Amino acid sequence: MSGFSMAPVPAVTKLIEAPAAGPAPQRSLLGSALRLRRTQVGIVLLIPLLVIVIAGPSLAPHNPDAFIGPAYAPPSAHALLGTDNLGRDVLSRVLAGGRNTLIVSLLATLLGVAVGTALGLAAALFGGAGGSIAMRLLDVIIAFPQLVLVLLFVSLLGSHDWLTICVVALVWAPQVARVMRGAALSVVEQDFVRYSRSLGTSRLQVLWREVLPNVTGPLSVEFGIRLTYSIALIAGLGFLGFGPPPPTPDWGTMISENQGALAIQPWAVLGPVIGIALATLATNLIAEGFAQANAQGGGYAAAS
Amino acid sequence: MPLRVENLTVRVGTTGPAIIEDVSLAVAPGEILGVIGESGSGKTTLANALLGYGRDGAAITAGRVEVAGHDIAGTPPAKLARLRGRVVAHVPADPGAAMNPVMRVGAHLAEAARLLGLPGRGREQIGATLTSVGLPADREFLRRYPHQLSGGQQQRVMLALAFFGTPPLVVLDEPTSALDAITQQGVLAIVRELCTQQRTAAVLISHDLDVVTAVADRALVMYGGRVAELGLTAQVLDHGLHPYTQALRAAMPRGERSDIVGIPGRPPRLSERRPGCLFADRCQYAEPDCHEQVPALTAVTTPVVTPVVSTPVAGTTAGPAAEHLVACLHPRPGTPVATFSMVFESGQGAGDGQPHEGLSAQSMCMRYHQRLVVNQVDLVLRPQGCVALVGESGSGKTTLSQMIAGLRVPTSGTVRLAGTTLASTAHARTADQRRRLQYVFQNPYASLNPRKTVRQILAEPARAFHFADADPAGALDAVALSASVLDERPSALSGGERQRVAIARALLCEPDFMVCDEITSALDVSVQATVVELLGRLQRERVLGLLFVTHNLKLAFSIADHVVVMRSGVVVDSAATAGFDAGERSDYTKELLASMTAED
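In order, the protein sequence lines correspond to chains A and B.
Counting from 1, position 134 in the first sequence corresponds to residue 134 in this note's numbering; the numbering is continuous, with no gaps.
Counting from 1, position 312 in the second sequence corresponds to residue 312 in this note's numbering; the numbering is continuous, with no gaps.
No lab work stands behind these hints, which were simulated from the structure alone.
Every value quoted in this text rests on a predicted model; they were computed, and no experiment measured them.
Mixed in with the good hints there might be a few duds.
[Stated by the list, open to error] With beta-carbon atoms standing in for the labels, derived distance ranges:
#, chain 1, residue 1, chain 2, residue 2, range
1, B, ASN100, A, LEU147, 44 to 54 Å
2, A, ILE47, B, ARG542, 53 to 63 Å
3, A, LEU147, B, ALA107, 45 to 55 Å
4, B, ARG367, A, PRO145, 23 to 33 Å
5, A, PRO213, B, THR131, 55 to 65 Å
6, B, ALA59, A, ALA114, 47 to 57 Å
7, B, GLN456, A, LEU50, 44 to 54 Å
8, A, LEU50, B, SER271, 34 to 44 Å
9, A, ALA114, B, ASP94, 34 to 44 Å
[Claimed, not checked] Partial selection, computed: residues in chain B whose CB lies under 8 Å from chain A:
#, residue
10, HIS427
11, ARG434
12, PRO450
13, GLU460
From the three backbone atoms N, C-alpha and C, an ideal C-beta is built for every residue, glycine too.
Start from the sequences, fold in the hints, and give me the full structure.
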């Protein structure tokens, strides 16, 4: 891009100038999302989470699995957030227990959004009876409550990270597919897609080159929302006892282990709760930032 | 005086750039003032200001708008709302969007009657008003919903609503731009009649010189938010002294095979307005002082002309209103000259002697929900020939052209290219056949991927046809665009520039035939002329056959050697352009031809 296109243009002028007129200030979706306060706050909140994912276990003052004192000991210099139901250091377990939840959530979301986007775009481009039937089949999956569906697989096949990733992805894929199909439907009818087809370009290439770049707005929004939900869902699995096997530290599992002593040693529950809250809040704020930036014209609608 | 505007300036914010600047005008009772301007000229802002309405962020910062004695700019919004309909009424460009889709025609009128406080729900007035706009006033019609009306009927209902309260001033914003030529004529005749009968002053905004010529007593040409020229319609349009008026006139297709001349460059955007005459950058007569000094609107003496529209505008012709005013430092009579001759080549091999050389479509049919939208159409396009396919919306012209290009699958019929029968979809045709027959879409805003740069867009043909030596910069040069746009995205380009990129993309395929579907309909007149000029040059230089789809019969005559008129899916006329109006024609074509001449 040349330099002038990034030149700041007063917002009022933009309102007045007709769509036909002149170079509108062109900013990428990422660029305009980053200018929004909520996105900035989200990113700031995300920093401690990234630290936990990258370096959490090595920052822990104690071995998260070691018994360092009596059960439910209140915070002290020895254990800053006190101890849990078995006398392990809460702070160390909070620092070490986020990595698994966050990485599994991220991978599940990536897989689910990728599969869902592929399905949605294909359904939009191929259309016809096949597309409709595929979407109705996906509706059947959507009809199941998410948690019930995940619990069904996990209770049948046992608790494994790969299984959690696949099942959560399976739960999201149809919902992502619906949204992406809707977004792509207006794009595949555009003349530039028909032009590309008329040159003999294969459908797969058309999807990749023409359609996908025009739905990055809804795609990034969808990714953010699904990531938020994944974190909550996977933490919920841990709470219900389908997290990693003990004694591995896990935020969801920690809440269920320590909930009985909420009155005596609240930090054993609050620690992981703050972690989960921070993660969902940060991802949600960023997702909303992208959604707003997209609605304000970073996306396809503004460019046409 | 129903309308008096003095030194009106509308700015963005209160200190931002002026959208319209120092506009003064007056309209007498029964008089129609036509305001002509291209997109960005400020004509719609002017219309809105007359209604006391400013767009987002725009405000009247200087001057005065006086409608029948009321100071519009100084009136508080609540009082202004009461004035609308009684003192000033508005007719919008798109009646379909202006009417409430869930309200019947009768309910629209009853609402107006209630707001005007007419006794007995204005039953009698409603009947009289509908009759005056040429609509039936019976119960059945009043019970119709807007979607049950044709575009012309919808616009007549809007006229009825506007003239209902017999306001002294009616503002019409592009009232016929959504209508086809024949309907447009009828609507304009009603406007003329109502203004004369009710002694209503009207301001009619249009980009189309023909519309203004047809009904306006006086014409005002706007450029860059300022008045360029103002005077009697014939004075301004036939003996215009401002180079922009002359250029605009020369850019209009005149309905015969002749040069139409584009205006180079494009109108200045708000942020680009510099001191001096705003047209100077595009003016072929510009002198150094034009770039420094803002020309004032000054009276000139012109050859005496009789008003084309003979109406009793008593007391106005003698007054200052009849003055011919021009804002140009160096006004001179004349018309701009073409930079190069633009007459299109006639196809080689006259007659249908060698149809195997060209592109032909036989017995094309398209059925859509039990309805034949294209019915048994034959079409022959010789190499380097130019056939214009003319029809109103819904005539099947676009469907036909897309079937030829392989973008739609015909119900039946065959397309042949140089003697070979083509498959029905472009995808099933051979790469070479796809390359030789290119299609340019109507809407340049939809035919270029907004996420790609011009360079990436122009790389598509090379990728599809495995050209090793594609020259995007050369193709841009052929369509008169600088190579500097290569790294721009379409959103940085104007409509005309985008359409030229789309043409460049088609040219890179080195086609033998190009199907151009209404490629100028989204463009301003001056830009349309440059695009048409360009096609003429390319057709000659590159031995290109053109199928030019258009709703504009005048445009068709000015570029094509053969005109095919379609209506309701069938060809009603097909003949060479030379002597087209002399031969035996269908009633529909006769009507089209009549509407063409009526506007001159």
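Status of each hint after checking the structure:
{"no.": "1", "hint": "ASN100(B) - LEU147(A): 44 to 54 Å", "verdict": "holds, 46 Å"}
{"no.": "2", "hint": "ILE47(A) - ARG542(B): 53 to 63 Å", "verdict": "holds, 60 Å"}
{"no.": "3", "hint": "LEU147(A) - ALA107(B): 45 to 55 Å", "verdict": "holds, 51 Å"}
{"no.": "4", "hint": "ARG367(B) - PRO145(A): 23 to 33 Å", "verdict": "violated, 46 Å"}
{"no.": "5", "hint": "PRO213(A) - THR131(B): 55 to 65 Å", "verdict": "holds, 56 Å"}
{"no.": "6", "hint": "ALA59(B) - ALA114(A): 47 to 57 Å", "verdict": "holds, 50 Å"}
{"no.": "7", "hint": "GLN456(B) - LEU50(A): 44 to 54 Å", "verdict": "violated, 34 Å"}
{"no.": "8", "hint": "LEU50(A) - SER271(B): 34 to 44 Å", "verdict": "holds, 42 Å"}
{"no.": "9", "hint": "ALA114(A) - ASP94(B): 34 to 44 Å", "verdict": "holds, 43 Å"}
{"no.": "10", "hint": "HIS427", "verdict": "holds, 6 Å"}
{"no.": "11", "hint": "ARG434", "verdict": "holds, 6 Å"}
{"no.": "12", "hint": "PRO450", "verdict": "holds, 3 Å"}
{"no.": "13", "hint": "GLU460", "verdict": "holds, 6 Å"}
This entry does not satisfy hints 4 and 7, going by the numbered hints stated previously.
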